[in-house]
Amino acid sequence: VNAIIKGRKSQTRRVVKNRRSKLIIVNDCVLEACKKKPDLFCPYGGIGTKLYVKEAFAKIGSDDNTTERIVYRAEEPNLDIKWHSAIYLPYSASRIILEITDVRIERLQEISEEDCLKEGIECNSDECRMLSKEVGMSHICDLRGRFLTYWNSVYKSPYRWEDNPYVWVISCKCLKTSQ
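Sequential numbering from 1 applies to the sequence shown in the numbering used here.
Simulated from the structure, these hints should not be mistaken for laboratory data.
Do not rely on the hints blindly, as some may be mistaken.
What the hints assert, rightly or not - Listed next, the in silico DSS-like pairs over lysine-lysine satisfying Cα-Cα at most 30 Å (straight line):
1. Lys9 to Lys176
2. Lys6 to Lys173
3. Lys50 to Lys156
4. Lys173 to Lys17
5. Lys54 to Lys82
6. Lys59 to Lys9
7. Lys118 to Lys6
8. Lys156 to Lys6
9. Lys50 to Lys173
10. Lys118 to Lys176
11. Lys82 to Lys176
12. Lys9 to Lys54
13. Lys82 to Lys59
14. Lys50 to Lys118
15. Lys82 to Lys156
16. Lys6 to Lys82
17. Lys176 to Lys59
18. Lys59 to Lys17
19. Lys9 to Lys156
20. Lys50 to Lys17
21. Lys6 to Lys59
22. Lys176 to Lys54
23. Lys118 to Lys54
24. Lys173 to Lys156
25. Lys54 to Lys17
26. Lys50 to Lys9
27. Lys118 to Lys17
28. Lys9 to Lys118
29. Lys17 to Lys156
I would like the entire structure built from these sequences, with the hints used as guidance.
Here it is in structure tokens:
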């Protein structure tokens, strides 16, 4: 969420699962129709589809208990309150709206360093930043390695990096963010 708000994330990957899409994978080959027109098969939508980003939240009452406001865990991670799961965030409370600009399908390990940056992966190491400045490059960092670590922290077998599943690559532009 924070990477989207800061303008660092404009792409996401989601595992292709037969039960959630019209896609059929036969003998480990993706149907040609899907590669030619992935937005027809993608369960998240096609180009132009609006996505409302859901995130963990809590409702907090005012001092006089007459009104309540929503706070987001991405903004206030240290608040000691009961957080509601992102799936329960009403659309009206979504502070981020994205529009799909591109959809494609590929194997997870086909991700490029450029796409890692679009996924919001960044190099936080002072050593990497210093080395990058010395050689005049925007970054010298193992972005794919960082993405691998992130991916495996979210997905388990049979969808881990090592399993190299097919993924939906969904590119978006941000239409609305409010803080």
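TODO: Compare the distance between the alpha carbons of Lys118 and Lys54 with 30 Å, and conclude whether the hinted pair is satisfied.
DONE: holds (19 Å)
TODO: Assess, step by step, whether the Cα of Lys82 is no farther than 30 Å from the Cα of Lys156, and give holds or violated.
DONE: holds (27 Å)
Task: Satisfaction of hint between Lys156 and Lys17, Cα-Cα up to 30 Å - done: holds (14 Å)
TODO: Sort out whether Lys6 lies within 30 Å of Lys118, counting only the CA atoms.
DONE: This hinted pair holds, its Cα atoms lying about 12 Å apart.
Task: Straight-line alpha-carbon gap Lys50 to Lys156, limit 30 Å - done: holds (28 Å)
TODO: For the pair supplied as a hint, Lys59 and Lys9, confirm whether the alpha-carbon distance does not exceed 30 Å.
DONE: holds (27 Å)
Open item on the list: Can you confirm whether the C-alpha distance between Lys173 and Lys17 stays at or below 30 Å?
Closed with: holds (24 Å)
TODO: Starting from Lys176, check that the Cα of Lys59 is at most 30 Å away, please.
DONE: Cα-Cα ~21 Å, so holds.
Task: Holds or violated: Lys50 to Lys17, with C-alpha atoms at most 30 Å apart - done: holds (21 Å)
Open item on the list: What's the verdict on Lys59 and Lys17, does the C-alpha distance respect the 30 Å limit or exceed it?
Closed with: violated (34 Å)
TODO: Given the hint that Lys50 pairs with Lys9, test it: the Cα-Cα distance must not exceed 30 Å.
DONE: Judged against 30 Å, a Cα distance of about 16 Å means the pair holds.
Task: Distance restraint between Lys6 and Lys173, which requires alpha-carbon spacing of 30 Å or less - done: holds (13 Å)
Going down the numbered hints, you'll see the structure goes against just number 18.
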